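*Asks:* Now for the letters of each chain:
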Amino acid sequence: MTPPPGESIAAMIRQTPVPPDSQTNRDVMNIFMTTPGLGWLLLVGICLGGLGGGAAVWIYQIYKGLGIAGYSHPIFWGAYIVTFVFWVGIAHAGTLISAILFLFRARWRNAINRSAEAMTIFAVFTAQLFLGIHVGRIWKAYFILPYPNQRALWVNFKSPLLWDTFAISTYTLTSLIFFYVGLLPDLAIARDRTTGWRKALYGSLALGWQGTSRQWKSHNRTVLHLSGLATPLVLSVHSVVSWDFAMAIVPGWHATIFAPYFVAGAIFSGFAMVLTVMIPVRRIFSLEHILTNYHFENMCRFLLLTSTIVTYAYFIEYFIAWYSGVEAEKTAFYLRLFGPYWLSTWIMIVCNGVIPQLFWFKKLRTHIPTVFVISTLINVGMWFERYVIIITGLSREFNPAVWGHYTPTWYELMIVAGSFSFFSILFLIFLKLFPVIPISEVKELVIHERAHASGQPAGAH
Amino acid sequence: MPTLLGVFTTPAGVVQAVTHLKGRGFTNLDVYSPAPFDEIEEAVDPKPSKVRIFTLVGGLLGVVTGYAMTIWMSLDWPIVIGGKPFASIPPYTVIAFELTILFGGIFTLIGLLVVGRLPSLKVGPGYSARFSAEEFGLVVEVPERDVAEVDGLLRASQATEVSLVAA
Chain G
148 MTPPPGESIA AMIRQTPVPP DSQTNRDVMN IFMTTPGLGW LLLVGICLGG
198 LGGGAAVWIY QIYKGLGIAG YSHPIFWGAY IVTFVFWVGI AHAGTLISAI
248 LFLFRARWRN AINRSAEAMT IFAVFTAQLF LGIHVGRIWK AYFILPYPNQ
298 RALWVNFKSP LLWDTFAIST YTLTSLIFFY VGLLPDLAIA RDRTTGWRKA
348 LYGSLALGWQ GTSRQWKSHN RTVLHLSGLA TPLVLSVHSV VSWDFAMAIV
398 PGWHATIFAP YFVAGAIFSG FAMVLTVMIP VRRIFSLEHI LTNYHFENMC
448 RFLLLTSTIV TYAYFIEYFI AWYSGVEAEK TAFYLRLFGP YWLSTWIMIV
498 CNGVIPQLFW FKKLRTHIPT VFVISTLINV GMWFERYVII ITGLSREFNP
548 AVWGHYTPTW YELMIVAGSF SFFSILFLIF LKLFPVIPIS EVKELVIHER
598 AHASGQPAGA H
Chain D
873 MPTLLGVFTT PAGVVQAVTH LKGRGFTNLD VYSPAPFDEI EEAVDPKPSK
923 VRIFTLVGGL LGVVTGYAMT IWMSLDWPIV IGGKPFASIP PYTVIAFELT
973 ILFGGIFTLI GLLVVGRLPS LKVGPGYSAR FSAEEFGLVV EVPERDVAEV
1023 DGLLRASQAT EVSLVAA
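Sequence lines, in order, name chains G and D. Quick note: the first sequence uses the numbering used here, first residue 148, plus one each step. Quick note: the second sequence uses the numbering used here, first residue 873, plus one each step.
It should be emphasised that the hints constitute simulated quantities derived from the structure, not laboratory data. Just so you know, these numbers come straight off a predicted model, no measurement behind them.
Below, a list of computed lysine-lysine pairs in the PhoX-like style, where the Cα atoms sit at most 20 angstroms apart:
| id | chain 1 | residue 1 | chain 2 | residue 2 |
| --- | --- | --- | --- | --- |
| 1 | G | 346 | G | 579 |
| 2 | D | 919 | D | 894 |
| 3 | D | 956 | G | 305 |
| 4 | G | 346 | D | 994 |
| 5 | G | 211 | G | 287 |
Build out the structure end to end from the sequences listed, making use of the hints.
*Replies:* Rendered as structure tokens:
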């Protein structure tokens, strides 16, 4: 070829027809670019109803005081704290999938990590609501932070509640950073293919990402380092939450097994929630070719593993209560099984310990309706696990003067239901605003496979 | 100097082209890639990314802040709690640990922005939406007299098309 004679040819070459867009782009963009259907609007409507109910009750509670909750001496931690711990637990799947499975190079995480990360963030937001709801006098909630004040008083850093504040705040921010960094290349993809307000939104969020090698290089490094930081963080957050209980001398709480027990339970419930949410999402948006049964089966294996760990922890708790010879501990655990809260305890044991064992069978692991039912039951069981731990512990302390009974009131249950609505609304909006599948990560696999399968470069689909 | 854009469909082709171009001394080049490929980044710039320094500084700053804040605040208004020393290291380790992660994470994000030169309002030469589809773009600045040679070199490395673009 002779040197081109300047602009005219260059202009001609520039008009080469642009090849059709990649299949992965189109598949994933279809999910969030299409106008929301009736089902979506209906779901949002229902959730708005639930959220409105919860919000109204909360406002009433702020006006009236915590008395409208079922708290009675000596039980002042009730459904709010139970649900707080539940949501913090749910929040563990996302970062675990993104960070730990990334470090282990588990390729199958690619299809699910975005939705799991989004769930992490929304679950942490939901959990944080309960800190505000539970303290009652919400206008004094900032007392928990070490801020300079006229009395020069500082917070008590020896209290597990302070550790919890720092752990949850760190987890929120780090998960948000992780989520955003992962989203960055996909935002650029969306920016290149949209117009109007969406282009403005994705364009400003994408920060001018163009996928240059310098950008990818620092991106890879960033993801690696964030994974390295987030791995111990995931394990620490629920450990710290467990110390809220384990550092107290309440029978049934004061156990060294609490940290690993809670972490396993958190991963267990988080994976169950990812399955409960993603099975319908996959069905509705027909993502079977990206989110395959292989992914779901692997997640079921995780459920089986963590269920076994949790069951082991249940067993060890009883064993230590007996082996310690401490009367209060023995009584606490006897009352769990046969006392006033026996139903909650048995729900917890059956849902978390017995039913997930069905996943030993490949037939059941790969049968999607069964997986959906079991994962939902696990969510129920994990809520009851926290209920059992918190309520039975507080209801029978060492002295008959501090024995009592707690039943959640309708107000509390409405706020709990409102929290589920809050979580669902955030996720539904996310589905229609951002790519629920990490496009560039899936594409990486697609390009790799194509290069290996043909040995010869094939054009874009 | 003219800027040439080569379009590729496989990372292997890009790596080959980058290696050849660099071997011929055309070092003013950049690659647009739809997904991360280590081999491309390695070929363009083999030096390790500087993001690591940001993470290290952030983490160290976090751990120091965590201990300094807790210890200083406990000593500023000393109250005996649980019979423990005012500056009690084991419980403060939890705070220091969390701040290590927090500062490390924030600094890593800053590192991504600084090292990756983001945010940027400039559209790179020859950038188009096809490079956020499934194709790779290699832009290289070459002197006028070498255009033909580089064009041939790109095509020899499996470039599906080569064009001149406005710098």
